Amino acid sequence: MTAAILDTAALGTAEGRAALIAAVAAVVIAAADELTALDQAIGDGDHGANMKRGFAAVAEAAPTLAEKPWPDLLKGVGTTLVMKVGGASGPLYGTLFMELGKHLGTAPDRAALTEAFGRAIEAVKARGKAEPGQKTMLDVLIPAHAALAAGADAATVKAEAFAAADRTVPMLATRGRASFLGERSIGHMDPGSRSSSLIIAALADALSAG
Amino acid sequence: MRVANVGIVIVSHSPKVAEGAADMVRQMVGDSVPLAHTGGDPDGGLGTDLARILEAIEAAWSEAGVVVLVDLGGAETNSEMAIEMLDEDRRGRVVVCNAPVVEGAVIAATEASGGSSLELVKRTAEELYA
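Those sequence lines, one after another, are chains A and B.
The first sequence begins at 1 in this note's numbering and counts up by one.
The second sequence begins at 1001 in this note's numbering and counts up by one.
Honestly, the hints are just simulated from the structure, not real lab data.
Please read these numbers as outputs of a predicted model, since none were measured by experiment.
A few of these clues could be false.
As the list claims (entries may be wrong) - Here chain B is said to cover these stretches of chain A; the calculated rule only asks that three of the stretch's residues, wherever they fall, bring their Cβ under 8 angstroms from a Cβ of chain B:
1) 24 to 32
2) 151 to 163
Claimed, not checked - Straight line, CA to CA, 20 angstroms or less: simulated DMTMM-like cross-link-like pairs of lysine to aspartate or glutamate:
3) A:125 <-> B:1103
4) A:68 <-> A:109
5) B:1016 <-> B:1063
6) A:129 <-> B:1055
7) A:75 <-> B:1119
8) A:75 <-> B:1087
9) A:129 <-> B:1080
10) A:75 <-> B:1031
11) A:125 <-> B:1080
12) A:102 <-> A:72
Yeah, the Cβ is synthetic: ideal placement off N, Cα and C, and Gly gets one too.
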């Protein structure tokens, strides 16, 4: 299977872009309870509610955002998350999308997406003062980016994102609220890794559906 | 003309902690230091709200600069993001202070009330950790 990423003609239309935004938002909103449960285990338990609030606002803005070219659309998604999420994941996901917008051209292809995603990850690292291996969203974003850069199809990128989230279970958290628990953070999936994997999976599904 | 004192912003996940810390600052320094506080997420739950952090920085604005005291992760990340969203001429004069939010706010405000520079106010509060 060679389901290409970003080859779907639908993304050339505002309707297609609005559907993509709505699909990603719906996945995050539907996972709110699961994200909350993960965060209650090793954090402050607000990740589900925060992400739901942020992506509900994104979904509401989807028709307007979808009229804009990719850089402005992504900047709008990022700004909305920054203003609405209300936790550290707001600036972190906000930075991810805003930086994607900054580096992705108006007619992105796979190479442009790979390059922009890599730069956006660097910005998330700086924003969170984090590195891979600390049981954070970076532990999903970086492997997913590596799969994309290696030429994987959408289904493989999605599978790698889920597998990477699973690999955070045995990790010791050294960044974020879970780090306060020390060794008790071991044995639980990082909530930010889970939400990152869900977003990547939703994007992969949407981008390979056409 | 008298040089303005450095302003203090308190950002906590809890509106009550933010308000209580601000009360303690006022008790120590009265109205000699510009002071603002904010806490709670956009729905009023525990968390922080970037828009209200921006409003607090505006409310405590001083030409001498503003020190922002934060409690945990999201308060720091949201405050850093807020600072980056300020106009260029203000951005360099607002700093997040790496100190315990209550003690740091009181010490920073006391230092600020004597007319100390932004850098000295920040350093004095951060020495709580040293």
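Hints breached by this structure: 1, 2, 3, 5, 6, 7, 10
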